[in-house]
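Undergrad: Residue numbers (our numbering), protein chains in the order written: chain A, 129 to 417; chain B, 129 to 417.
The hints are simulated quantities; they were obtained by calculation from the structure and are not laboratory data.
One thing to keep in mind: the hints can contain errors.
The list cannot tell twin chains apart, which means a pair is met if one copy fits it or any two copies do.
As the list claims (entries may be wrong) - Here are the simulated DSBU-like pairs of lysine-lysine, each with C-alpha atoms no more than 35 Å apart in a straight line: (1) K249 - K368; (2) K252 - K368; (3) K409 - K200; (4) K253 - K281; (5) K249 - K366; (6) K291 - K255; (7) K339 - K366; (8) K177 - K409.
2 protein chains.
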Amino acid sequence: MPMFKVPDHQVAGHQALNGQLGPLIDETGLFYKPLQEDERGLREAEFYKTFSADVRVPDHIRKFFPKSFGTKLLDASDGSGPLSHLVLEDLMSKYENPSIVDFKIGSRTWYPQATDEYIEKCLKKDKITSSLSLGFRISGLQIYEGQESGYWKPDRKVTIKYKPEDVRMVLRKFVSVNQSSDSKKESGCSTFASSVYGGSSGILAQLQELKSWFEEQTIYHFYSCSVLMVYDKESLAKGKEVVPAIKLVDFAHVVEGEGILDHNFLGGLCSLIKFISDTNKDCLQNQGS
Amino acid sequence: MPMFKVPDHQVAGHQALNGQLGPLIDETGLFYKPLQEDERGLREAEFYKTFSADVRVPDHIRKFFPKSFGTKLLDASDGSGPLSHLVLEDLMSKYENPSIVDFKIGSRTWYPQATDEYIEKCLKKDKITSSLSLGFRISGLQIYEGQESGYWKPDRKVTIKYKPEDVRMVLRKFVSVNQSSDSKKESGCSTFASSVYGGSSGILAQLQELKSWFEEQTIYHFYSCSVLMVYDKESLAKGKEVVPAIKLVDFAHVVEGEGILDHNFLGGLCSLIKFISDTNKDCLQNQGS
């Protein structure tokens with residue numbers, strides 16, 4: 129019987145803390161996401177089922193998605209009794225101290241077929257956040273700052289108000305060397321930027337690979353879906369070879385593409401690539417700063 | 129004193145017919161667009177002024193924009209007396225029988241800074257038309273069908289309701305050989321598709337060039353702007369070498385980019401490229417059909 133516990137490195141979404149409903153993990157590297165009994169839960173389960181069997185999805189694209197293993201009935205984290213959970217790969221299980229940024233992609237988090245009420249709710253949030261202006265917003269993040277100070281993990285009330293300059297600050301901090309426990313103080317980002325953002329297997333290369341697929345694929349439209357960017361800063365600092373990862377998560381609002389490009393996701397993805405690419409250039413130009 | 133007349137080949141926008149206010153042309157190849165005395169007119173005049181002096185715009189991108197020559201006071205087409213007009217290059221002056229499609233680009237025709245009232249008005253239209261689903265809509269078109277039948281020019285009431293399959297039909301007709309006066313009947317598109325859409329200076333190559341700029345440029349955001357696609361079918365049929373043209377028009381809703389990609393335009397442009405590329409492949413695969 130596996131032991132279930134609350135994930136250590138969840139930066140966005142509902143959390144299984146204080147008796148609330150949220151995902152659980154076990155020690156074998158699995159992530160259990162409660163299937164809320166509404167359309168969203170059903171749609172996400174349906175997506176994983178369809179996607180895992182979809183021969184139109186090329187192999188090199190599958191690595192961007194969590195592996196899925198069907199559903200399983202287990203005691204919900206809120207004590208409400210047995211509930212069906214999606215069984216997924218725990219993307220964080222192999223990291224000791226993962227630095228993570230969760231970007232919700234798309235200037236529009238709602239789909240054309242949604243109800244007026246739902247559209248209005250989403251549109252309001254897209255306007256308040258950076259979604260409308262940048263084509264994406266930061267849904268959550270944690271950046272490891274060393275053994276003493278632990279993680280810098282700004283509250284959701286803060287990240288929701290992020291302006292373009294805050295997004296740039298986060299992207300710099302993500303690749304900055306840990307020097308200070310003062311999270312406001314920025315330190316050099318040139319060393320890590322080239323290893324994490326640059327290079328043939330870095331974040332930018334992976335995002336470009338994903339972009340190429342979105343320039344072709346007309347199977348799925350990913351509304352309100354997130355791109356996670358993860359790596360282990362400590363390992364990199366110790367000189368280990370570290371491959372940063374790009375992962376897509378949250379498929380409760382995926383709809384059929386019907387032969388049309390997902391221009392909403394693609395536009396947002398291009399904007400994110402531009403932000404990271406600009407940050408990378410800035411870090412390399414200001415070496416030693 | 130030049131003679132002003134109503135343009136022969138206008139497919140979208142206000143028209144100077146029946147005493148209404150609209151653009152005029154002269155015999156020297158100039159196009160006079162009345163500057164309506166509201167924010168839109170001022171903004172479009174301002175755009176042309178800024179753009180023409182903007183050293184950040186590369187030369188190879190300027191060819192996609194009409195040349196501009198300041199403003200000129202002339203008698204308005206609605207007889208209301210002297211009115212300031214934008215003086216632009218008449219993009220159609222060199223064509224005898226231009227086939228034209230006007231695509232309004234972007235799934236969103238409104239900009240974040242707009243008033244709630246304006247946003248609501250635009251959003252409603254984006255939902256009715258294909259803008260929201262495809263990332264662009266056809267604002268107008270004319271396709272030359274030969275000396276006898278002249279132009280196929282569906283009414284705006286028809287084009288506004290175009291579904292994806294109608295857009296594909298237009299894209300096929302645009303490169304179809306004129307055989308029949310019956311506009312519903314489609315004829316072979318393989319011959320012209322490769323000359324018009326394909327090739328190193330065809331529509332697709334030009335759109336890709338434009339796309340590359342939009343993947344980099346963060347100077348301007350083009351809301352409610354159109355991409356025109358033009359060529360002379362008759363000339364091509366006669367074996368003349370014909371270079372189809374891509375032109376951007378309508379800049380009354382251009383705002384500053386402020387360091388951010390125009391992800392709304394870029395997403396829509398990618399979707400349009402995918403539609404044309406799919407049509408081109410279909411035409412070539414069904415040779416003789």
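Undergrad: Work down the list of hints and note, for each, if the structure agrees.
TA: Here is what the structure says about each hint:
no.	hint	result
1	K249 - K368	neither (45 Å within a copy, 56 Å between copies)
2	K252 - K368	neither (44 Å within a copy, 54 Å between copies)
3	K409 - K200	neither (46 Å within a copy, 45 Å between copies)
4	K253 - K281	within (21 Å within a copy, 41 Å between copies)
5	K249 - K366	neither (46 Å within a copy, 57 Å between copies)
6	K291 - K255	both (12 Å within a copy, 28 Å between copies)
7	K339 - K366	within (32 Å within a copy, 41 Å between copies)
8	K177 - K409	between (40 Å within a copy, 31 Å between copies)
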